[in-house]
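A.B. asks: Now for the letters of each chain:
Number of protein chains: 2
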Amino acid sequence: MNNVRNRIMARLLVICVSAAFFSVTVQAADLSSGTGACALPSWNDGPAKRSITDFIAKVTKDGGPDFVTPSERIAVFDNDGTLWAEQPMYFQFLFVLDRIKELAPRHPEWKTQEPFASLLRGDVKSALAGGERALGQLVMATHAGMTSEEFEKTVTDWIATAKHPKTGRLYTEMVYQPMIELLSCLRANGFKTFIVSGGGIEFMRPWSERVYGIPPEQVVGSSIKTKFELRDGRPVLVRLPEINFVDDGPGKPVGIQTHIGRRPIAAFGNSDGDLQMLQWTAAGTGARLCLYVHHTDTVREWAYDRGSAVGRLDKGLDEARVRGWVVVDMKADWRRIFPLVKE
Amino acid sequence: MNNVRNRIMARLLVICVSAAFFSVTVQAADLSSGTGACALPSWNDGPAKRSITDFIAKVTKDGGPDFVTPSERIAVFDNDGTLWAEQPMYFQFLFVLDRIKELAPRHPEWKTQEPFASLLRGDVKSALAGGERALGQLVMATHAGMTSEEFEKTVTDWIATAKHPKTGRLYTEMVYQPMIELLSCLRANGFKTFIVSGGGIEFMRPWSERVYGIPPEQVVGSSIKTKFELRDGRPVLVRLPEINFVDDGPGKPVGIQTHIGRRPIAAFGNSDGDLQMLQWTAAGTGARLCLYVHHTDTVREWAYDRGSAVGRLDKGLDEARVRGWVVVDMKADWRRIFPLVKE
Chain A
0 MNNVRNRIMA RLLVICVSAA FFSVTVQAAD LSSGTGACAL PSWNDGPAKR SITDFIAKVT
60 KDGGPDFVTP SERIAVFDND GTLWAEQPMY FQFLFVLDRI KELAPRHPEW KTQEPFASLL
120 RGDVKSALAG GERALGQLVM ATHAGMTSEE FEKTVTDWIA TAKHPKTGRL YTEMVYQPMI
180 ELLSCLRANG FKTFIVSGGG IEFMRPWSER VYGIPPEQVV GSSIKTKFEL RDGRPVLVRL
240 PEINFVDDGP GKPVGIQTHI GRRPIAAFGN SDGDLQMLQW TAAGTGARLC LYVHHTDTVR
300 EWAYDRGSAV GRLDKGLDEA RVRGWVVVDM KADWRRIFPL VKE
Chain B
0 MNNVRNRIMA RLLVICVSAA FFSVTVQAAD LSSGTGACAL PSWNDGPAKR SITDFIAKVT
60 KDGGPDFVTP SERIAVFDND GTLWAEQPMY FQFLFVLDRI KELAPRHPEW KTQEPFASLL
120 RGDVKSALAG GERALGQLVM ATHAGMTSEE FEKTVTDWIA TAKHPKTGRL YTEMVYQPMI
180 ELLSCLRANG FKTFIVSGGG IEFMRPWSER VYGIPPEQVV GSSIKTKFEL RDGRPVLVRL
240 PEINFVDDGP GKPVGIQTHI GRRPIAAFGN SDGDLQMLQW TAAGTGARLC LYVHHTDTVR
300 EWAYDRGSAV GRLDKGLDEA RVRGWVVVDM KADWRRIFPL VKE
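Protein chains in written order, with numbering that gives the first Met the number 0: chain A, 0 to 342; chain B, 0 to 342.
There's no promise every hint is true.
Below, computed lysine-lysine pairings styled on DSS-like, alpha-carbon distance capped at 25 Å [as the list claims (entries may be wrong)]:
(1) Lys226(A) <-> Lys314(B)
(2) Lys191(A) <-> Lys330(B)
(3) Lys162(B) <-> Lys226(A)
(4) Lys314(B) <-> Lys165(B)
(5) Lys226(B) <-> Lys314(A)
(6) Lys124(B) <-> Lys162(B)
(7) Lys48(A) <-> Lys226(A)
(8) Lys314(B) <-> Lys162(B)
(9) Lys162(A) <-> Lys57(A)
(10) Lys165(B) <-> Lys224(A)
(11) Lys162(A) <-> Lys341(A)
(12) Lys314(A) <-> Lys330(A)
(13) Lys60(B) <-> Lys152(B)
(14) Lys165(A) <-> Lys341(A)
(15) Lys226(B) <-> Lys224(A)
(16) Lys100(A) <-> Lys110(A)
(17) Lys60(B) <-> Lys165(B)
(18) Lys341(B) <-> Lys330(B)
Everything labelled a hint here was simulated from the structure, so no lab data went into it. All values reported here derive from a predicted model rather than from experimental measurement.
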């Protein structure tokens, strides 16, 4: 458990050393061209798009050598950096920061108590000088101690209003349009699509169906423990300040087995935290699609890989090349990054 | 964790004090009458059947006051004693006994080592004299130490051939025909059906889709921990001799939240181990169906409730009456118990 705890803490910690906020230009591309379920209009023609369409064609070709029965068409998607952006910090950490500010009036003691005091002065770096322990306090102060319903409402309210610090967009407007199209295309071809993310499972579920078309029961993520209680005869699930499961790295195949119980035939990620998920997917028999989104676009999004604190892609990039996995070059392969936002 | 461990051990232990094997007569009723998706031909007309059909009618009536959108039509089913029989012992424990015998040649030390020695002499009672520790050894010797794929194959082979000690039927032929019809009926009405069982999640998944029409990703159950490893470059999930989650009693709402992430609108159980699941389901807003299967048929199945070591129904029966939950009288309400088996 300590190892697991260390990993989640380390994951959250690294995001905070990334101080520079990159600039971003939102491109509102034309939605009208090619709106068929599988037209993938935001994908430029090229090897990445072709690998996807070829794979779908062969596993759905009834009677063909690579045909996969619909119930086995399981596709798993990482979230941060794969379905939505993750710079300059994981969005869930920006939620933590917002919540600490929001909750501060109810916690006068935070004015003098670290890591809260520094954070409330806007000094993230000092707040996190306390390392894992400090980060754990921030996470648990904002994620534990309430019922599951209360937490769901908090996330729902936040996601409906909070804006990204650089783009000024809602976070749900910073999803990747090409991936939204890919999700639809897979479902139109009989796939069941799942999120398998290092992010908090209950942080994603309140909006995953509306934004991605992925219902709560198809979201796999990290979690804290919960406890069933009767409060004045009314049953509640109370969120406890204790890590239950870390769905990252080698935890992803474990999370897949726990929640899905069969091996995916397609897996999509963007970082080394997705490597074991792609390995697990690739190791099954029959046709497989393993794909890395490579962040290469400094103008429309961000460019980062081996040296990044958030979403590091290093070992995974090497393995993708050795194994012939698809590597999406965001700059070249994606006609549009973010969805068109209605004004 | 000790508490959790104690509970699963206690659950497994009680099944062994039930020494008497009841006699059972399999009734092969006529399948030809009423085969519509929702005809429920194995249900006799009466208040139980009417409660079910009324509930389905009102939540699916578009524009009606109780209409529930399809994505929210979540129905959860206990397995042991609700979807299949559980006497004279939970079938998973009969699997344990069979496996110990099967594995014995590879473990010569078991000849003199308890609890294995007694068990191999056919003396279950002495084998379990060592209480929880002994039971834990038996369970872990048969459920841990192999990969997830190896365990799946073992279960698949066993369930295809092993026979119930009294009826001589395959275990999958000891499912309840009225509940199979109910599962189909719910799905035909846009429900997503889940198993939420105290039994092992990986013990149910290899056959749940074929037998119940419930795919692996809709099975929630108890589990041991697993670990991702690369063995000669090949990824495997190794099953560890450590309890991960006990999906029983207050664990059931926790399991539901973890795996499904929304509250069911219908819940079906047969024992006090299902009480919190029914409470959790009942506490939501809008129309709800909470149903207990009451084992009342000494001729065609078994009759047991408050005093039973397996599937005790005591507090649940009281609460069902106070709250007006449906209580199925198996003897009166079910025209047929087990499915017709082709000779």
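A.B. asks: Now, for every hint given, state plainly whether the structure supports it.
C.D. replies: Hints, verified against the model:
no.: 1; hint: Lys226(A) <-> Lys314(B); result: holds, 20 Å
no.: 2; hint: Lys191(A) <-> Lys330(B); result: violated, 40 Å
no.: 3; hint: Lys162(B) <-> Lys226(A); result: violated, 38 Å
no.: 4; hint: Lys314(B) <-> Lys165(B); result: violated, 29 Å
no.: 5; hint: Lys226(B) <-> Lys314(A); result: holds, 21 Å
no.: 6; hint: Lys124(B) <-> Lys162(B); result: holds, 22 Å
no.: 7; hint: Lys48(A) <-> Lys226(A); result: violated, 45 Å
no.: 8; hint: Lys314(B) <-> Lys162(B); result: violated, 33 Å
no.: 9; hint: Lys162(A) <-> Lys57(A); result: violated, 41 Å
no.: 10; hint: Lys165(B) <-> Lys224(A); result: violated, 41 Å
no.: 11; hint: Lys162(A) <-> Lys341(A); result: holds, 15 Å
no.: 12; hint: Lys314(A) <-> Lys330(A); result: holds, 21 Å
no.: 13; hint: Lys60(B) <-> Lys152(B); result: violated, 43 Å
no.: 14; hint: Lys165(A) <-> Lys341(A); result: holds, 19 Å
no.: 15; hint: Lys226(B) <-> Lys224(A); result: holds, 19 Å
no.: 16; hint: Lys100(A) <-> Lys110(A); result: holds, 11 Å
no.: 17; hint: Lys60(B) <-> Lys165(B); result: violated, 45 Å
no.: 18; hint: Lys341(B) <-> Lys330(B); result: holds, 24 Å
Violated hints for the displayed structure, listed by number in ascending order: 2, 3, 4, 7, 8, 9, 10, 13 and 17.
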